[in-house]
Each structure stands twice: as C-alpha cells, then as structure tokens.
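Participant: Starting from the structure of chain V, add chain F where the hints point.
Number of protein chains: 2
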Amino acid sequence: MPETNRQIVLAELPHGSRSPAHFRLVAGERPRAGEGEVVVRTRYVSLDAANRAWMQGATYRSALNAGQVMAGGALAEVVESKTPELAVGDLVFADTGWQDYAALPGKRLTKLPRMEPLTHLLSVYGVAGLTAYFGLLECGRPEAGETVVVSAAAGSVGSIVGQIAKIKGCRAVGVAGGAEKGRWLTDELGFDAAVDYKAADFKKQLREACPDGIDVYFDNVGGDVFEACLFGMKTFGRIACCGAVSQYDGEAPRHGPRGVPGLIVTKRLSLRGFIVSDFDDKRTQALADLQSWVASGQLKVQEDVIDGLENLPQALVGLLHGENRGKRMVRV
Amino acid sequence: MPETNRQIVLAELPHGSRSPAHFRLVAGERPRAGEGEVVVRTRYVSLDAANRAWMQGATYRSALNAGQVMAGGALAEVVESKTPELAVGDLVFADTGWQDYAALPGKRLTKLPRMEPLTHLLSVYGVAGLTAYFGLLECGRPEAGETVVVSAAAGSVGSIVGQIAKIKGCRAVGVAGGAEKGRWLTDELGFDAAVDYKAADFKKQLREACPDGIDVYFDNVGGDVFEACLFGMKTFGRIACCGAVSQYDGEAPRHGPRGVPGLIVTKRLSLRGFIVSDFDDKRTQALADLQSWVASGQLKVQEDVIDGLENLPQALVGLLHGENRGKRMVRV
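One line per chain: the protein sequences are V and F, in this order. Note that this note's numbering has the first sequence beginning at 1, numbered continuously upward. Note that this note's numbering has the second sequence beginning at 1, numbered continuously upward.
One chain only, chain V, in its complex shape (with noise of 0.2 Å):
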C-alpha cells in the first residue's frame, strides 16, 4: 500500500466561474486509524452540482474554505479498521473528500453490498437515484395521465425522473441544453418531448411540449427555467425544487423568478425543496423500486465514468457546463 496520498485541495475560492486553477494537486501522507476509525482507499469520486454550492456559503453543510481538501462523496473501500463495525475490504459510500485515503470514523458510515457494477452504487442506488425517486414521488406525486417537465434533463437525477414519470404513467418533458441531448431524451431514455432552453423559442417549445400546461415540475436550475415552467404550471400544481444550478455561479444572489408569490397564490401551487437525506427512513423500499425497474428494463442507468484523481477539477468544471449525460464520476 503507498505511503503517499493525493490530495486535491481548494486553492482559492471562486468568486465567479470556478475553473482547474482554483484548484491544487498536493501530496499528503496516507492517514491511520485512531481508535473507532476506518482508513478508506477512494474508489469513485460521486460529481455533483452540489460540490459548487458548497464553495459558495453554508449550505445544509458548512461553507469550504481555502486551504481545506476539496468535499465530495465517493465510493470507498475501507483499507485498515479499528472499529468493530467494518471490516477490510467492506465497500461504504463516504465524505472522502477528493483524495486517494481518508480516515472517517466508523460509526458514521454504512457498509454497501458488493454488486455489478460498482458504478451503480453511486448513480442508480445512489445520491442521484435516491434523489430523483424522492423528489418526484415524495415532492412531486405525480398522478398518471399528469404532465412532469424536468430541468437538467440529461443529468444524473433529470434524465432518471423522467423515466420514472413514465413508469408511473405520465407524460415527461426533459428540460436540456441543444438538440442532441433532447433526442437522446425521447430516442434513448423514452422521454415524450424534450425542450431547448438555450434556443430562442424555448418558451414556446415548452408550451407546445405541454399543451395542458405542468402538473409537476422537477426544479434542477431555478433562475429562467424556472420562471417558464412556473409560469406554465396548472392550478394544483406541484413544483419539487431539488437544487438550483444554474445560480451556483453566480457574484451575489439574483432577482427571483417573477411570478413569486402571485402564481402560487392564484394557481394553488406547492412548492417543497428537499435534500435526499431527508427521506432516509423510506430507502428500503425506494431501492426496492429502484432495482426492479432496473432488472426490468425500464431504468436505463447512464453513467459517465472518466478517469484519473487529477482530472476532478476538469471533470466538475465540465459537469457545471453541462457536458455529462447521465452520472458523472471519476474513477480514482
């Protein structure tokens, strides 16, 4: 086992778009196990918009600072143990950090099943999985025959709410940026319209993908799109606001989106923002649901796995810009 430990730390804070060189590739020494600890070697590090927002302020987790290694979920195996609960070579999914081993106290962690492949424990039975399943059916509860639009359609968590609004009988419209994507939404996934919202007529795309207006929108950017589809939603509608990507990079907060609180009002929406932690008792069974739709073909799981520690800072630069389809991650 090497004694050293790569290490990527935040160089500075971004203050606008962030970009490889607020980053910085150090090299540490690789930490023991104090008493009730595991040592983890990082298998793959989970991409999220998530790791941007962090950067920015507290969020439902403490703001990073300078200095500090970069935040992240992976998939870990735990290398030496000194606590009763894990083994060597038990598979946990932890908060790492994007660095080759981490020492994290056992109690805090949960041992995962050994499955084909690895991948899917961080995409499909993963954060993604887990927030899409929740935030639609939880947040959402979407009826059958309903219209769902989903932002960040071809990311991890859109391009599986939508599959999921078809599964449960309901029309899904994907929110992505250019037509490639949004062929890959109805060709691929069975989308049943996909809208561009870097064209021009993007409202009117929108509108014709939803002649009866949205039952339910599935809220991944907030900003523009969002005050489209809020505009678009019927009365009783149900808007899920999961994160809001499209303001991670912005100097200082923005105006909202205009309609707030006036459509809610007269059209009787809900809204609910929710993390999927939120929502632990109910795992059991949405795994459960979750596997089955694997085995049966109607979730197609979409990973992108790119490789190598050091292209971490690259690899959520692209991910902020859109570039994934389906889960990014990087294999370490």
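There's no promise every hint is true.
[To be verified] Here are a few chain V residues that face chain F, going by a calculated C-beta distance under 10 Å:
hint, residue
1, 4
2, 118
3, 223
4, 226
5, 236
6, 242
7, 243
8, 258
9, 259
10, 263
11, 265
12, 268
13, 273
14, 293
Think of the hints as simulated: they come from the structure by calculation, not from any bench. Quick reminder that beta carbons are idealized off the backbone N, C-alpha and C, glycines included.
Facilitator: Just chain F now, kept in the frame of chain V:
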C-alpha cells in the same frame, strides 16, 4: 322597494395605482328574478385586496373589464325568490358586485344564520376568518412553541392569523406599517412582537423579533417582506401564500424575491398557495372553532365599517394603502 339600482361600474382599468376616478356611479333598473333566481338587496359589501387583483387579469376568476359593475362579495338579503331553496328575508353571501340589487341563480347561494352583529358574517365567520384559519392551520401547520410571522398583520386576515397562532401556543409576530399599528397588535390583540416594514431597520427588527428564526410565515404581501422572511426561515419552515398585495399596483410583473428557489432547497421549505374555497369540506369544523374562540374571548374581532355605497371606491383605495384595521366593509 325602490325601482332604481345604484351601481358602481369600472370606468377604466387602472394601469398603475387605482383611484376613485377609475369608477363611476350609475343608476340602473332593479332586476327581476327569473326562474330559479333570487333578487338580493346588498347589505354589507366586503372590501378585499383581491378586488384589485381581479382588475389585473385572470386569476382564479375571469378578469374584470371596463364598463362592468365592479365585482365584490357582499352580505345580502333575499327580496324576491323564484327558487324553493331560498325565501324572502333569507341572508346569503353572494358575489353581488357593487350595487344595491343583484339577480342571481338560487342554487349557487348558501343561506347564512342570522346573528348579532351581522357584520361578523363578513369578518371572523366570513372569508377573512376562514382564510386565516385554513391558511395558518392547513398550509402553515404550526406547532406549539414555534414562531409564526404574518404580514399585513393589522388587516382582516392577518389580525386573526396572529391570534390563532397564540391560541395554538405559538409566538406571534406581526408585520405592519407604522409603530401605532404595531402597538395595537401587541397591546390589544396579544401579538408577542410587531415589526414595522416601513422602518429603515425593518430587517433588523424582524431578526430581533424572531431570534430563533421563523417556522411559519403567512404571506399576504409578497415583495420585499416576503424576501426578508424567506431569508429568516428555519429549516423545514412553511410559507402559506395567501396574497401579494404589494404587487397588485405595479405595471408589469416585477422580479421575484431573491433566494427562490435556492433557499427553498437548502432550508427544505414548503410553500403552498391557497384560496379559501379550497377547504370548503372543512368549513363546519372551522366555524365551530372560530365561534368557540370568539365566545371565550380568546379571539377579538376587529371591524372597520364605512357607510354608503358611493364610498366604496375610496374605501378600496384606502384598504390598498393599508389604512384599515381589521375587516373593512361598506354598509349599503
């Protein structure tokens, strides 16, 4: 019974602020009841911020047009009946519009009990009281010990919201314009604190009045007050969206509040828009609760009664400027 029917018609649609000059008093003929209809004599016209919203465009009802009798709900007495459901002398709440007499289909009217004072049928047992009750308890879902903030707190709905919050064991904070209204809320109605949204240090006042943050915000106004409360919400807080009176007088829809949807996600907030009729199936229980609180003296009813049909335009303009305390109505 006089044969003339005084009517106030909308002379032109206001584009910015409305004034009495947008209305005209005309003399029409007293209508006769057709088959299945009743003719009612208007007794008390309800003044509501929603009256202004209806002039802006379609909401949950069709937009008003120039030349039409101004729309509005009223407590009215049946003076002629060609329907078995209602007899002469019966009291009803009806969308009479701003006029002495209206002919209406009997089927859509509900007979009200006679009580003293009759005005309570328009305030605490009318739309205002039920709106406060359902918005707070069904959308806000406050629990004892939580902090409830309500805007337009000295108005017909807000003054009841704060008192119900107290009855439910919550800390009640009212947002209103001016120190005098604030004193009335705390000294007369029992609010724990009042915050003056017109003061330069409004945001500081709000933070001091809610040292632990806001669990439930009952929004009547939208705009800057909505934004300030959004930033003050606690995790898992709830916002009941009841109206947006600050927006009713603008030209075009403005930008919405900052923090939407970002703060909704990170704080995992729930927002719900509603109008009172959404809860028609729960009216009986609501009225029983309101009656028991009024009888026990826990809920004080504040009414602001103005005399004379001809004073309706000025009464509405004043309401939109916030000059009323409690429920404003015009005796005809």
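Participant: Residue 263/V was flagged as interface toward chain F. Is the shortest Cβ-Cβ separation under 10 Å?
Facilitator: Given a least distance of 8 Å, the restraint on residue 263/V holds.
Participant: Interface hint check: residue 223/V, Cβ to nearest Cβ on chain F, cutoff 10 Å. Holds or violated?
Facilitator: 9 Å, holds
Participant: Grab the minimum C-beta distance from residue 242/V to chain F and call the hint holds if it beats 10 Å, violated otherwise.
Facilitator: With a closest approach of 7 Å, the residue 242/V hint holds.
Participant: Tell me if the interface restraint on residue 273/V is satisfied: Cβ within less than 10 Å of some Cβ in chain F.
Facilitator: 4 Å, holds
Participant: How about residue 226/V: closest beta carbon in chain F under 10 Å, or not?
Facilitator: Hint holds; residue 226/V Cβ to chain F Cβ min 6 Å, cut 10 Å.
Participant: Hold the hint about residue 258/V up to the distance rule: shortest CB distance to chain F must be less than 10 Å.
Facilitator: 4 Å, holds
Participant: Taking 10 Å as the limit, does the beta-carbon of residue 293/V come near enough to a beta-carbon in chain F?
Facilitator: 26 Å, violated
Participant: Close enough to count: is the Cβ of residue 268/V nearer than 10 Å to one in chain F?
Facilitator: Hint holds; residue 268/V Cβ to chain F Cβ min 5 Å, cut 10 Å.
Participant: Quick one, is the residue 236/V hint okay against chain F at 10 Å, beta carbons?
Facilitator: 8 Å, holds
Participant: Checking hints one by one. Is residue 4/V an interface residue toward chain F, by the C-beta closer than 10 Å rule?
Facilitator: Since the shortest Cβ distance to chain F is 36 Å, the answer is violated.
Participant: Can residue 243/V be said to touch chain F, with a Cβ gap under 10 Å?
Facilitator: 6 Å, holds
Participant: The hint names residue 118/V as touching chain F; please verify it with the least Cβ-Cβ distance against 10 Å.
Facilitator: With a closest approach of 29 Å, the residue 118/V hint is violated.
Violated hints, listed in ascending order, are 1, 2, 14; each of the other numbered hints is respected by the structure.
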